[in-house]
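Asks: Given next are the chains, with one letter for each unit.
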Amino acid sequence: MSSHAHPKPAPLETRFWTPGVLVLFAVMLIGFCFIIARYIGGLGAVSNLDNQHPWGMWIGIDVATGVALAAGGFTTAAIAHVFGRHQFEAVTRPALLTATLGYTFVAIGLAIDVGRSWALPKPLLFWQGNSVLFEVAMCVVIYTHVLYIEFLPIVVERFRGRVNLPGPLSVLNGRMERLLALADRILGKTMWVFIIAGVVLSCMHQSGLGSLMLIAPTKLHPLWYTPILPLLFLTSAIAAGYPMVVFETTVATASLKRADEMEVLAPLTGVTKYLLGIYITLKIGDMIFRGTYVYLFDGSVESRSFIVEMLAMIVPWFMLMSQRLRTKRHTLFMACTTIVLGVALNRCNVFLIGFNPPYAVKSYFPSIGEIAITACLISSIMFLYRLAATYLPVLSGPSLASLEKELS
Amino acid sequence: MNMSRRHFLGVAGAAISAAATGHSRKAFAARKPKAPPNAYGCVVDLTACVGCRTCEQACNRVNDLPPPKERLDDQTVLDRKRRPDTSAFTVINRYYSGRLDEQNELVPTYVKIQCMHCQDPACASACITGALSKKDNGAVHYNKSRCVGCRYCLVACPFQIPAYEYFDPLTPRVRKCTFCFDRISEGGKPGCAGACPVEAITFGNRNMLLEVARRKITDNPGRYLRKIYGESEVGGTSWMYISRDPFEKLGFLSLPHYPMPHLPETIQHSIFAYMWAPMTLFAILAGVMWKINPGQIIPGPNAHAEEDQI
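So the protein lines, in turn, are chains E and Y.
Per my numbering, the first sequence starts with residue 29, numbered consecutively.
Per my numbering, the second sequence starts with residue 2, numbered consecutively.
Among the hints, a few may not be true.
[Said to hold, decoys possible] Only pairs whose alpha carbons sit at most 20 angstroms apart, straight line, appear in this in silico PhoX-like list of lysine-lysine:
1) Y:LYS292 to E:LYS217
2) Y:LYS145 to E:LYS150
3) Y:LYS136 to Y:LYS33
4) Y:LYS217 to Y:LYS228
5) Y:LYS250 to Y:LYS82
6) E:LYS390 to Y:LYS217
7) E:LYS285 to E:LYS36
8) Y:LYS136 to Y:LYS190
9) Y:LYS82 to Y:LYS70
Source of the hints: derived by calculation from the structure; they are not laboratory data.
Kindly produce the complete structure, drawing on both the sequences and the hints.
Replies: Put into structure tokens, the structure is as follows:
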């Protein structure tokens, strides 16, 4: 096992409030003002949603793209824990953290988007088995809990043997320790169930998200409306999993001044060329089979958006095929970022750009309020990621400073 | 926009999915039609409607909506191609199909728009909690106490009917024609059908209405097209129309003749019947994990080394 080459994950314990974090915090505050406005004036006060376009940016980006890009969590868990490629364990924790935060903010985004936020738990009471959305919702609820359970050992590891509650609470220190020891024992024995359940639940709702638009064959543009839409959503989420890990790990290590983990990231994307190849084959095959290539060059917004989306998959696929480009930090990052953006564009195409209500009098474009709230949710994820990486054992690469010391 | 081609592809897509695997074909056929057998319905005779908008007024009155924004004698509003919204469950629009009268003037056709009360409604299939449901009497009924406000019904509706109260911060409702559910449950007529001064709206048992409409069409071949809009569109609707002018010239959509929920429900129920697919995947993954990582599932002698890895 190669884990000796890699130090164990550890809290960074670096300064938290850097200028970048302050910017994130400012974006969060601005978005928060719009969230308050939404709960005073209603959805119409802050968004461009209307009866023609009931779903907007919050569904396209915060929910659909958010879920797709959180696929790094279950795909790394699968490769490292199920398929036994332990050399990738260094990235399972950051991927798990991203997935946990991602799903948490999918839930928060949904709560803002639905008209009756307080009624969000109602699907747990009123089951409607014919509804695709019901299936997606149930899987997301259960999977979010699974993610928290998978994350628990990281918290236990941080505090076990170090419980030091302040002031009068210190009488509980012993009890806390026993509780953590118990949690450690139970989690260690049962974790395999949650790891596999996480993969299964992910496959279920990633494809379920694709089934959502199958109810509207006359509204979704034929370039995207296909009976295999659930399969395309599943395969694209799986294909985007490792590129998303590369993207977020590269951004995080650069920002936190850690070693770039290329020795883990480059091999991780080795399998991506096959996964992405499957998706591209399905997508092009589906287009040829249904004859929708007739729309490819008709100059419409939809056709252009479709072409960009396909290029954002095909170009990085060729880049990943080249061993030379794949093992260089900058080209690997470029390829992976393009894939991430391509998947995001695909989700926006299916839910927003390809959605053509027959009696629409105007087209949809997100309002300032919608953009501000989405920006707020994304910065909150980044803010909490940094917070967790600073105080919990998530990242394992050595810091650049310690590497330099070693060299000199 | 190339709607007819798109429409064709939509249908073709559904047919392909049914043919793609034998399994899904069987399931597709196995999805029972959900249309209630003895639903009420309405037939709107577009050759009779004079565009007086009395139905709009009656609708707003019986549904406790504010009176129509535009005065009843305001004829210009008819050309605005209005859609039903949160304060009007039915509206009348005026269309010119291009047909001329004896004085060589364009003949207007007035089209009443409201929820079609589909026999197998997309909104009810989509609804996450069952707040929308098809009742035996034909009404597609909205129960606000179940509604979460996800607006998937607005996405799903092929007729683009439901409207949402976007400016209510906490308790917005989906608003649409109720088919006067309470009135028809007690043996009455919908508000609009009772108010129509020229009897353009016929209310009754849907099967009986289809008979009546067919007879009308065969008895007056010059007056009607040989088509009942809503007889089979999206699997049939409770509200139907007969007309002299082609429907596509009157703002009606060309829609598939199968119920919208067929494809998504078939896929969902094929995958999740007895949870066979998720459980199979779970079993396979557990098998792989057990084979590749001895000790991780059933702790062996080196279990501790493995546990530390997780």
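Asks: Please flag the earlier hints that this structure goes against, numbers listed from lowest up.
Replies: 6
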